[in-house]
Amino acid sequence: MSQIETFYDVMRRQGITRRSFMKYCSLTAAALGLAPTMVPKIAHAMETKPRTPVIWVHGLECTCCSESFIRSAHPLAKDVVLSMISLDYDDTLMAAAGHQAEAALEDTIQKYKGNYILAVEGNPPLNEDGMFCIVGGKPFVDQLKHAAKDAKAIISWGACASYGCVQAAKPNPTRATPVHKVITDKPIIKVPGCPPIAEVMTGVITYMLTFDRLPELDRQGRPAMFYGQRIHDKCYRRPHFDAGQFVEAWDDENARKGYCLYKMGCKGPTTYNACSTVRWNEGVSFPIQSGHGCIGCSEDGFWDQGSFYDRVTDLTQFGVEANADKVGMAAAGVVGAGVAVHAAVTALKAAQKKTQSKKEEV
Amino acid sequence: MSSEATDPRSSLTGAHADAEDLASASRQTSVYVYEVPVRLWHWINALAILTLCITGYFIGAPPPSMQISEATHQFVFGYIRFAHFAAGWILCIGFLGRIYWAIFGNHHARQLFYVPVWRGSFWREVFHEIKWYAFLTDAPKKYVGHNPLAQLAMFCFFTLGVTFMIVTGLALYSEGLGHDSTLFKMFGWVFGVFGDNPHYLHTYHHLGMWWIVIFMIIHIYVAIREDIMSRQSIVSTMISGHRTFKDDRPD
Chain A
1 MSQIETFYDV
11 MRRQGITRRS
21 FMKYCSLTAA
31 ALGLAPTMVP
41 KIAHAMETKP
51 RTPVIWVHGL
61 ECTCCSESFI
71 RSAHPLAKDV
81 VLSMISLDYD
91 DTLMAAAGHQ
101 AEAALEDTIQ
111 KYKGNYILAV
121 EGNPPLNEDG
131 MFCIVGGKPF
141 VDQLKHAAKD
151 AKAIISWGAC
161 ASYGCVQAAK
171 PNPTRATPVH
181 KVITDKPIIK
191 VPGCPPIAEV
201 MTGVITYMLT
211 FDRLPELDRQ
221 GRPAMFYGQR
231 IHDKCYRRPH
241 FDAGQFVEAW
251 DDENARKGYC
261 LYKMGCKGPT
271 TYNACSTVRW
281 NEGVSFPIQS
291 GHGCIGCSED
301 GFWDQGSFYD
311 RVTDLTQFGV
321 EANADKVGMA
331 AAGVVGAGVA
341 VHAAVTALKA
351 AQKKTQSKKE
361 EV
Chain F
1 MSSEATDPRS
11 SLTGAHADAE
21 DLASASRQTS
31 VYVYEVPVRL
41 WHWINALAIL
51 TLCITGYFIG
61 APPPSMQISE
71 ATHQFVFGYI
81 RFAHFAAGWI
91 LCIGFLGRIY
101 WAIFGNHHAR
111 QLFYVPVWRG
121 SFWREVFHEI
131 KWYAFLTDAP
141 KKYVGHNPLA
151 QLAMFCFFTL
161 GVTFMIVTGL
171 ALYSEGLGHD
181 STLFKMFGWV
191 FGVFGDNPHY
201 LHTYHHLGMW
211 WIVIFMIIHI
221 YVAIREDIMS
231 RQSIVSTMIS
241 GHRTFKDDRP
251 D
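If you read the protein sequences in the order shown, they are chains A and F.
Counting from 1, one number per residue, gives the positions in the first sequence under the working numbering.
Counting from 1, one number per residue, gives the positions in the second sequence under the working numbering.
A portion of the hints provided could be inaccurate.
[As the list claims (entries may be wrong)] Distance condition first, Cα-Cα at most 25 Å in a straight line; then the derived SDA-like pairs of lysine to any residue:
hint	chain 1	residue 1	chain 2	residue 2
1	A	234	F	181
2	A	354	F	137
3	A	354	F	246
4	A	326	F	201
5	A	353	F	139
6	F	131	A	351
7	A	326	F	167
8	A	358	F	19
9	A	181	F	193
10	A	181	F	192
11	F	131	A	341
12	F	131	A	356
13	A	359	F	201
14	A	263	F	204
15	F	131	A	338
[Unchecked claim] Residues from chain A shown here face chain F by an in silico Cβ test under 8 Å; the list is partial:
hint	residue
16	248
17	249
18	305
19	331
For the record, the hints were derived by calculation from the structure and aren't laboratory data.
Glycine included, C-beta positions come from ideal geometry on N, C-alpha and C.
Build the full structure now, drawing on both the sequences and the hints.
Rendered as structure tokens:
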């Protein structure tokens, strides 16, 4: 790692022609939803800017984010890793291992203080001094804090880093904690999903490199361009929802016809993500298109929202299976019965009073 | 009341009335409690809430699928949601109008929006009303406006309940308009209060409906019961605006 090459240098070295480079810039602009006038800007940035060093650390996670990332088609993950960024440390993707890998991490932190991006996949468990996740002989939370100290910005990959995901589901025995609750003094961009869509991941990186800033974020810190609308808002089965045509059972005729999965517990109406527009595997499909409702994997605490197949959240405070409707109906029933009893007693009392006053008259 | 009739006997003699009736009628008094905007609001609001509960329940648990025609030409669930949103706006704007009237209307119009927790006599009379409902006392007291127990219940069940439903409802509605809408800028914070996953807010809004249903059951029962059992008019007061009293004992 002597002189950092620009992106353009790297691409030319790899035998990419000027023409292919310009095509690549146009495609990237299109993928980001930018105007054609932005293409020269992207090209200029790639010709002049040194590659941004990225440190990619792994905490409690399942590597599904990495698996998704390497399947990106627009831009290709290969282009991102080999040409756009300088992925200096990623224990899953790097050739080095053991001490060499740890040395690469230290090198990068020292050399690019305040200039590298820290990408976090997974989260740190805080119970037992972080002993539930050990990286290079030390608790992951230490590595995270160490690497975050001199980072320019942090990307929280996936539901784990953004919200906690399955390891943070109740009762969360290891106290797995999302990144923004551990690192509070750095700009953090959340890219939730289990995993996030590949093109969303590479798109976010490309945006940050091109414009040298975080994309516009929503209230929760997610990039608005990918998490600005619900699955439901752009779902191709939406007309069946508005028509009131629902799948009633998994094996019924409506399921075969591809009706709305709302009654089967689809979380599309409460889930912000780009699945219904970008889709998965080069735009082949997404869960709803494959006949299964959205499970809301890019939302906070999606493991704790009751069954994937129920519309209404289970309220564990009221017993194992109770949901809002059952609790409400029971309460209304009790009150209704109470009212009936009260009315009966009132009538009896009134009748009693009447007979008494009659007796007194006699 | 009817001050132009100098002697009630003269207008009543033709009617089916005996001497006692006539004596009683001459003693009856009424107070104008609920002004026109309050009464109008009450019934519009009641209709809106009924619509909201029915359509809201269906939004949470949709009716069986209907195969009327192609999805393009069928809008059943869309109409249910439309009715919910339209009634929601009527409820919301009506409530704002009601707050306006609480400020500019007569003092009875303000009773819905506060509970005089600082007043000892208020709590004593709440206790007296509870005894009346528990059949522990023979007669309730007379009140021109709400009785203290009713005021407390109205405030907790209705005023707080409807405020909660309006705020959460507008937040949920703003999601449909989009994150860049003015309404989301105004009410997006509500999601943060109840947990980042919008699913929580759906659940609480849903529970809120049952809170209002419970209010409706009690409200209607108590209004009818008080109309029969208490010493003043209740149901007709919300139609005519006049509170009449059945006796003229001072307490």
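For each hint, the structure was consulted:
no.: 1; hint: A/234 - F/181; verdict: holds, 17 Å
no.: 2; hint: A/354 - F/137; verdict: holds, 16 Å
no.: 3; hint: A/354 - F/246; verdict: holds, 18 Å
no.: 4; hint: A/326 - F/201; verdict: holds, 17 Å
no.: 5; hint: A/353 - F/139; verdict: holds, 12 Å
no.: 6; hint: F/131 - A/351; verdict: holds, 19 Å
no.: 7; hint: A/326 - F/167; verdict: holds, 24 Å
no.: 8; hint: A/358 - F/19; verdict: holds, 21 Å
no.: 9; hint: A/181 - F/193; verdict: holds, 17 Å
no.: 10; hint: A/181 - F/192; verdict: holds, 15 Å
no.: 11; hint: F/131 - A/341; verdict: holds, 16 Å
no.: 12; hint: F/131 - A/356; verdict: holds, 22 Å
no.: 13; hint: A/359 - F/201; verdict: violated, 60 Å
no.: 14; hint: A/263 - F/204; verdict: holds, 19 Å
no.: 15; hint: F/131 - A/338; verdict: holds, 16 Å
no.: 16; hint: 248; verdict: holds, 6 Å
no.: 17; hint: 249; verdict: violated, 11 Å
no.: 18; hint: 305; verdict: holds, 5 Å
no.: 19; hint: 331; verdict: holds, 6 Å
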